Every structure is written in C-alpha cells, then in structure tokens.
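Chemist: Chains as they are written, first to last, in this note's numbering: chain Z, 1 to 522; chain G, 1 to 491.
In short, the hints are calculated from the structure, not lab data.
Owing to the predicted nature of the structure, the values given are computational and were not obtained by experimental measurement.
Below 25 Å or equal to it, Euclidean Cα-Cα: the simulated BS3-like pairs (lysine-lysine) are:
#, chain 1, residue 1, chain 2, residue 2
1, Z, K106, Z, K25
2, G, K160, G, K148
3, Z, K25, G, K372
4, G, K372, Z, K106
5, G, K148, G, K36
6, G, K356, G, K372
Here's the letter readout for the chains.
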Amino acid sequence: MTSFPWLSLIIFLPLVGAIFCLLVKAESARWLALGITVADFLLSLPLWWLFDSSTADMQFVERASWISSPPVQYSLGLDGISFPLLLLTTFLMPFCVTVSWTAIEKRVQLFMSMLLVMETAMLGVFVALDFVLFYVFWEAMLIPMYLLIGVWGGPNRLYAAIKFFLYTLAGSLLLLVAILALYFHGGQTFDIIALSRETYSASLQTLLFLAFFAAFAVKVPMFPFHTWLPDAHVEAPTAGSVILASVLLKMGTYGFLRFTLPMLPDATVTFTKPMIALSIIAIIYGAYMALAQTDIKKLIAYSSVSHMGFVTLGIFVLNIQGIEGAVMQMVNHGITTGGLFLCVGIIYERTHSREILDNTGLAGPMPRYALFLMIFALSSLGLPGTNSFVGEFLVLAGTFLWSQFATALAALGVILAAAYILWLMQRVVFGIPAPAHRAHLLDLNARETATLIPLIVLVFLLGIFPNPLLSRMHTSVTHLLAGQKAPAVAVDAQRAPREHAIPAATITVATSPPSSEQAGTR
Amino acid sequence: MTVPVQDLLAILPELIVIGTACLILALDPILAASKKDLLAWLTLGALAICLGLTTSHMTGRASAFSGMVVIDSYAAFWKLLLYIVTGLTVLLSLAYLKAERLSIGEYYGFILLSLAGMMVMVSGADLLTIYLGTELMSLSLYVMAGLKRTEARSLEASAKYFVLGAFSSGVLLYGISLLFGLAGSTRLSVISDAIATQGTGNPILSLALVLLTVGFGFKLAVVPFHMWTPDVYQGAPTSVTAFMAVASKAASFGAFLRVFVEGLGGASADWSVLFTVICLATLALGNLVAIVQTNIKRMLAYSSIAHAGYALIGVVVAGGSGSEGTSTGFASVLLYIAIYSFMTLGAFALVGMLRKEGQESDQIEEYAGLAKREPLAAFFMLVFLVSLAGIPPTAGFIGKFYIFMAAVNAGMAWLAVIAVIFAAISAFYYLRVVMVMYMREADGSSASHSRLETSPALSLVLACALAGVVLLGLFPNSLWSLASQAAPFLK
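Whole structure, please, built from the sequences with the hints as guidance.
Modeler: Given below as structure tokens:
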C-alpha cells in the first residue's frame, strides 16, 4: 500500500481551485476550473490500476486525529463500493465545466468556484471513513448547491432551491442525532469500520434505521420523498442538474450501502419488504409520471426517480447480483442521465425552452446532436449493449432470486421506460421542426462534441465490458453481504460467487434479454 | 478596615477596567472632538493588559474577600471571552460611531463599566456580589441603548429596557432575600450546604428558585421573559446591540450557571424540569417568530433568543443527568456561547455598517443584490448566517454537535430531535437573507443602494469574527479543552 496521500489531494485540489477562481477574471475562471477538474480526474485515474480488487479492506487509507474529544478522525479510504463513485465524480466534473462555458454569463467566478466546492464535498462523502467527517462533507454540499440552483437557475429557482435545502437538511439533521446515538452504543467511536463491527439491540436498530432512512431516502430520492427532485432538476442550471442527478442522488444509495446494511443488519432484514415495496412504487410511479411530462428536464427527473428505484431495489434484495447491479446502476445512471441533462442543456442554450413542443424534429438540422441524444436515450431505457442494461439486468436477476412477482412488477418499469423514452425521441428527434427556432438550431460545436463523446464511449464500454468495473467491486460486495445474517441471504451469498465466475459480458450475449426488453424496444 | 493586598491583586483586572473607565470619563471633556479615537485605543490597551493578567490565572481556584469572589478557570474562561468580544465591540464602535456621527467619549467608559459588571458577575461566589455585577452591567447598558438621543426608537429601547430590567432586578433581589432567609447567608456555598441538610421540600426554596429563574431569564432573554429583546435590539445603536447580544448574554450565562450549580445544585432535579419547559418554549418561539421578521436586527434578536434555547439544552441535560456527563454538559454550554459570540458579533457588525445615505439599512429587503455590489460583505454575511444555522464546516455546527452530544449522552435524545427540527426551521430564515443577497436583484438607482462603509477597524472586526467562525469550525480542539477545563470548577 502506498503512503502517498492520493485521496486528500483528490479531495482538496478542487477546493484550492475554488479559492483561486474567485480571484481571477471570468474567462480565466473558466479555464482554471476546467484545468482543475481535468487535473483532478487525471489524479484519480492511477487509482484504477493501483486499486487492489482482491481485498475488501479499505485502501489508500489516511488517518489523522481531528477532534480529540470526542475522538473524531480525519480518516479516508476507498473500497470497491466507493471507488466507482469517486471515479464517476472526477470523470463528470470537467463536463459540468464545459457545458457551462457559455451558458453561464453572470458571476462566472462564483459559479465555477461553487462547482469546485461541490466536487470537494462530494468526493469527501465517498471517501470519509469517520462518521462525523462524512456528515461534515455531506452537509457542506448544501450551501453551494443552494447557490447553484438559486442564483443561476430557472424562473422558479428560489422555490426549488429552498425546497431542496430544507428537505435535505431536515433529513440529515436526524442522521446527526443517529450518529451520536451510535457513538454511545457502539463503543465511543465514530470510526465507520469499527461501528460496523458492533452489534446493536433490535429496538435501537429500528430507530437508527428510521433516522438513516430519513437522511438517505430524501437524497435518493425514494417515493414519497421525491417531490423536491423535479423542482430542483428543472430549475437548476445544466451543470447543477448533472451534479444532482449523477452524483448527489448516489449519495443516498451509497449511504444505505455504507451504513444501513453493515451497521443495522437486523433492521435491514426487518424492513426489507417495505423498502422493496417503496422501490417498486418509485420505479412504476416515476416512469408513469415521466410519461405525462411536457418539459424534457422534468421528464428526465421523473425517469431518475424510476431508475433510482432500481438501485434501492437491488440494494434491499440483499444478494450479490442485486447489490452489484445496484452499484453498477449507480454509475450507469450517472453517465446516462448526466449525458441526457447535458443534451438538454445544449438544446436549451439554442431555443431557450425545455418544452418538448418547442424542441421537435432535431434530426434534420442537428444530426450529430440527434445521434448522441438517441444513444443516451437508448441507454436510459436499458438497451442491451449499453451500460444501463448490465445494471438493470443484474438488479432484476437479483430480484428474481428474492421474488418473481416483484421482478415482474419491476420489469414493468423497464417497459414504461421504453414507452416514455421512445415517445420523447419520436417527438424531439423525428418530429416536424418548430419554425420559430429553425434559425437557432446549429449542430454541436467542437466544445459540445468533446463534452459528449467521452460519455458516449463509456456508455458502450461499460455496456460491453462491464467486468473490469464489476471485478473491482466484487470482493467488497461479498464482504458486505457476509455481514448479513439472514439465512436465505447467506445461501445466495455463497452461491453467487460461482455464478459470477461467468463474465457479465458473456451474460449479455448468451442469455436472451428478458422478454419485456424486447417488447419495450419494439 | 483594611483590605488585604492579595485580595486586591486577585481582582486586579477588574480594578484596571474600572480605573480605565474613570480615566476615560475624566479625559473625555478635555480631549478635542477629533482626538476621541484615543479613548478607544486606551480601552483596547486596558483590555490587552487584562487579557494577559487573566491568562496567567487560568489554573487553580482562589477566593478573595472572604469568599465573596472566586478566581478560577471557569471565571477565566468567561473573562477571556468577554475581553475579546468587548475589544471587537470597541473596534466596531470606532467605525460605527463615526458613521452615525455620534461623538460621545463616555461611550467607551460605559462599555468598560459594563464589562466590569460582567466580570464581577462571572467571578461572584455570593449572590449579592453577583447582583451588584448584574446591576453595574445593566445600568451601563440602559444608558448605551439610548445613545442615539435624537431617535425615538433608541430612546424607547432605553426606557423599555430600563423599566423591564429594573423590574427583573427586583424579582431577582426578592429571590435572593428568600434564599437568605432559608440559609442565613447569601454565600453560594452556604446555600448549597443548607439545601443539602434541609432537603428540597421547602416551598420557600421552590419560590426562590422560580424568582431567580425569572430574574436570570430576563438577562438571558429566554421565553417567556424575552419580550424586551426585539425592541431593544432594534432600537439601540447597532454596536450596542452587538454588545448586548453577545457580552451581556455570555456574562449572564456565566453567573446563571454559577448560581444554579454551585448554589442550587442540590435542587437540580427541580430546576432542570423548569428549564426543560423554558428551553422548549425558547426554541419554538425564537425560531418560529424569527421567520416572519422583515427587519434584520429583529430577526437576529429572535435568533439570539433561539440560540439561548440551544445553550439551555446543555444546562438541562447536565442538571438532569447528575452523572459523569454533567461537566461535559456544562462545557458544551460554554463552548456554544463562545462560538455564538463570534458569529453574532460578525453579523451585527455587518448590519451596522451596511448603510445607504448615511442610514443603516436594517430591512432585509435592502440587501437585495448585495452579492453583486459588495461580494465580500455578502460572503462574510453568508458565512455568519450559515454558521448560525449550524451547517458544517463552520463553528456553529461544532457548537450544536457538542450540545446534541451532551443530550444524547444523558439519554435525552428526544430533546436533541426536537432541537434539530427547530434547527432545520431556523435554516429557513437565515437562508432567506442569503437568498435576498444572492438571488434578488436590487431595483432603483444605484445611489439608493446600501453599501458597506469600510474602515480598517471594521475590517479587523470582520476578519476576527470570520476567523473565529471558520477556525473554530475546523479546529475546535483548543476551545473545547478550555471549556472542559473550566466546567469542572462549577460545584
């Protein structure tokens, strides 16, 4: 193991950049932010090879004392669950900068600075190994996000910003009380690893589960706590939407995986059924709501509710396919939905409207744009060969082991996804162009193309070769499940590694996709 | 009667403060109007000497004047805090009095006299000593609240503060007299012994407890004794408001804890119930009424009421638990008030110096577009407000963290849950100011917009307050160790 402080550098490089962004001119702030985010990505890239996928232990660990009494540590580390999310974040941030290049005209310095502060806070959440440190990063995100939505957002931005803020804050404050309760019942430590080893009484677990749920379910967001999401997504500037959809939502599900499952195994088993029910409601309800939207961003926002339903479903079926699928789906949703929001931002810059009816028939005037949009859309509905298929397939396979009925219901969401996405594409890509905007419909410029291409590459790369990523999370997920004590789950956990020996890429090719997929894509 | 020299040495800081106050009052008529700044620098010099003296008294416990006064690290903690906030207030006043064209040299004299009262309060080990300190502090503050002699609101504030303050002093004195009847002495240690031998069943004791609670409740501005706060905070000159909201509250907490723990600790089961009710009412009313305020000084007044509520949580859990968690409970109160001081002082400093056409802009609406006009001022305000809302990585979070921790430790997690709900509500009104500053455009011509009137003194105040809020948020270790060293001296 290396003693080089990889994680600290990755986390705090953007913060340093944020300070300098405030001191320079607007144009320089853009370049500086781009430079910093790219540098941060390049800095995080070597971890892909340095990461040891044979161990479930935390890697690249850094420890220092922060507060002496009570003992709060500045401790960081990565495992197979946080690693993909760290890379996803550093990968996406440069595109958040490039997509805002001309879209953000006022107070550019502050905007770029807030983006970079967000990056620091988000990365901190994923690598913190101390519960209080985690909480500090988790909450530190609220103010920059509030400003991103509230200052640079759409017409109804003030309402959306405060709603986002209060929903998240109320949930997280309960988490704070739960953290303190854990401290006193878990051997007077805030160390996440040590707290996960302790056992807690059933009644305490139930209370803690509810408090954790309040914080994480709001962030995911799970039905019925999702109402802030459509508002925030629609009003946020493009970069804000991308951050929200691609990274922020993952924090909720990451919280479930990092805290709820290992620390509260009994309560997790007790609450499995309601959690799965809420996930399935979110899948179907989100998809159903997406069908009815006339605003493209709102449609994607509701589709996020549906897709995140798959993630929570995968987590709470508590088997290896489900959880690996969930982590995979977290990454995929980040790439695909991030891509879709980038596309919407690009067209919004031209037509200044997010209404479907104002943005029809783009295939003619903007062929390249239409192609990219189509690829992201097909990925979003889980077409085999794209990344989302792998995640959704694994989640459904995991659910199948738990209950076939639940799988059937969840698969309904895939069909609905095909319906709303294809209907959207039919209008936006192949409809008759609205004459009013004809003049503005210039195809992608070099900057925009460069923004989308890397995402497109990942869509196919992860769709066809998911194994490098899956193998990096495998040991950690197995370790996570080994902590679960329910007998039915234990059987799955034992059987799973053997099934997993078949490379997922082979699964993609060899097994025929579920019939619903075929029905949906037709 | 002769006073022993070592007694006088023990209260040397108090003597220096009072001596400087007298010197200022004597110099004021002699000095030319243009040289009045000299008085402020004189004040700061005296504070610096006191700071050095008190720092050297940090350990151990000594009493003076046959036990009327104690010098221990508990008193030292409060005194250090008081020196710092008084020093910052003096710097703020330098800028503020000039902007308001108030050229009153006595002002600094009154600040020092008030400070002397506060120092006596936190060092007093006898109810009468504490009472005298309270009166010295309050009488000086009454005068300072009415310093804007041409403004009706300032005079109203002064009169209101005086009438209610005098009333509460009377109630406090009545409570003291009952305790004297009960114990035969006003010495805290004697009262404590009397309660230990007589038990807590005596109705006179209960009445005395209630009367002392009312008396201190006024000084602490907790519900239902908070009525004067918004009017006085709004009407008084802003530098005085800052001083009242911070120094007077800190000193009152210092004396209040000393009286209720050292003197009435035996009856803690009784008073902790009483304070639970007051604490909940304070949290609820302070936070809910703050939402509807349109004047930022009134909003900050209600916010300071609410913050007294959070600090009271620490008192309640420390008094109620009676276990080894007690001293961490009190330490969390000390820490909370210290952190509260920096963020509140910073916010009031900005409020006082954001002005248009020579007038203070104290309507929240007048802050529209501030982030564009005065990016730095808006950013400072943002940090202070975020800290008041208790969001990391600012010091406000650390304060709440320790308070909630004490509550959960004492098995009163429900109180922490209620408090966090109100903390979420409080974020709403703090963020509303952020929203106006950052997200609303100013209308009208640029001449009628409020701007920050900068001066070196103000910059220094803001820099210190910001440093306090940020550094204590990131590195709370030293402050916490000071607070947890000081707290065990109660008892």
